[in-house]
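**Student:** Could you build the full structure based on these sequences and the hints that come with them?
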Amino acid sequence: MGEHPHREFACLLDTAGRGGGGGIALRGPRDLNRLAFGCRVRADEDFSATLWTLSTGSVLVARLRTSGITAERDGGAARDHYGQYLQLSLVIDGRVALAQGGARSVAASGQAFAVCLDSPFRSVLSRGEACAVDVLHLYVSMGALTAWGLEPAAAGGQVWALSGAAVSALLFARDLACGATSPAHLGIAARIDEIVFRSAVVALLERDLAGAAIEISTEDMLRRRAIDVIDRGFTDPATNPDAVARRLHVSRRTLFRAFELQGLSVAGLIRTRRLVAAATALSESSRSIREIAETCGFRTADQLSRAFRAEYGVPPAAYRTARRADTLTARCARQPFVHTTRTAF
Numbered sequence: 001m002g003e004h005p006h007r008e009f010a011c012l013l014d015t016a017g018r019g020g021g022g023g024i025a026l027r028g029p030r031d032l033n034r035l036a037f038g039c040r041v042r043a044d045e046d047f048s049a050t051l052w053t054l055s056t057g058s059v060l061v062a063r064l065r066t067s068g069i070t071a072e073r074d075g076g077a078a079r080d081h082y083g084q085y086l087q088l089s090l091v092i093d094g095r096v097a098l099a100q101g102g103a104r105s106v107a108a109s110g111q112a113f114a115v116c117l118d119s120p121f122r123s124v125l126s127r128g129e130a131c132a133v134d135v136l137h138l139y140v141s142m143g144a145l146t147a148w149g150l151e152p153a154a155a156g157g158q159v160w161a162l163s164g165a166a167v168s169a170l171l172f173a174r175d176l177a178c179g180a181t182s183p184a185h186l187g188i189a190a191r192i193d194e195i196v197f198r199s200a201v202v203a204l205l206e207r208d209l210a211g212a213a214i215e216i217s218t219e220d221m222l223r224r225r226a227i228d229v230i231d232r233g234f235t236d237p238a239t240n241p242d243a244v245a246r247r248l249h250v251s252r253r254t255l256f257r258a259f260e261l262q263g264l265s266v267a268g269l270i271r272t273r274r275l276v277a278a279a280t281a282l283s284e285s286s287r288s289i290r291e292i293a294e295t296c297g298f299r300t301a302d303q304l305s306r307a308f309r310a311e312y313g314v315p316p317a318a319y320r321t322a323r324r325a326d327t328l329t330a331r332c333a334r335q336p337f338v339h340t341t342r343t344a345f
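Numbering follows full-length UniProt numbering, with no gaps: position 168 of the sequence shown is 168.
It is worth saying that the hints were derived from the structure and are not from the lab. Be aware that a few hints might be false.
Listed next, with one range per pair, are the computed distances between beta-carbon atoms [said to hold, decoys possible]: (1) 164 x 295: 35 to 43 Å; (2) 205 x 109: 15 to 23 Å; (3) 30 x 240: 41 to 49 Å.
Note that the Cβ used here is the ideal one computed from N, Cα and C, for glycine as well.
**Tutor:** What follows is the structure in structure tokens.
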């Protein structure tokens, strides 16, 4: 496979569901191409797999049990929206040989690895003595991780061991995707996105802490507190940089400087959080655009439409139509896979 596959159907990772059920059964070359996620994918044996997916809002969770496959992105690949995200993975069974940025390593069961999707990489998933390779992937915004004081780009191509607590936190995301546990039953449905995001943060922190103790600066702590305020309050139109600064009892200048050190914008993070929520709502509900605007922190439907067009290049109504068309095509191609998520994965 020397070129990017022609997609007859939407990439299954672009049409993520709410999780649960028996997953999507995949078999043969056409289904293999539907796994292409900003890269080329080829089978190293007769291809068969099962895929479970879940969108929590800002994180896409995917569990893949598969025969041996190789995923590769070369330096000539066109820029796409996948490059905004870090793929953080946990090997449940089998092994993964990884190469990126000059680093070459092998991840075994219980170990984590990371891939920067905006850079060339090669990952080989092999079964070894297992019946199938079983890997959990979390796709997390590079910007959000950077705001936490992490260096997600430095994790690309790296493999590291995880503590039992970190593994358990990531396996919670797996159980959500596979329907083995229910956030509604646990009484934490409103905090699922925060919990899954922080499980990724913990896993990355363990990589950083493996070498040496890291001092958390005042600016790092301020950014983390600000992100908490944004995550909890973005649905309120009154949440803006000034409101965040007041809530944290710091000056606007101090808040801005903490984010500028990482090349980030407070207003930009608030806007992105609202747009992600709006895009998910457009894909997953039949509510009017006005209702979605009101529940995602926009004062008017026009304000949402302007911001949405600026970010995604299309108005909300056109985005909803396109996502429904993708879902229908995927549904006709295989078993039902109803709920979709934004294309910014």
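**Student:** Would you mind marking each hint as holding or not holding in the structure?
**Tutor:** These are the hints, each one checked on the structure:
Checked against the hint of 35 to 43 Å, the C-beta distance between residue 164 and residue 295 comes to roughly 38 Å, which is consistent with it. Remark: the range hint 15 to 23 Å for residue 205 to residue 109 is upheld by a beta-carbon distance near 21 Å. Distance hint for residue 30 and residue 240: a CB-CB separation of about 47 Å, consistent with the stated range 41 to 49 Å.
Hint check: no violations occur; every hint is consistent with the structure.
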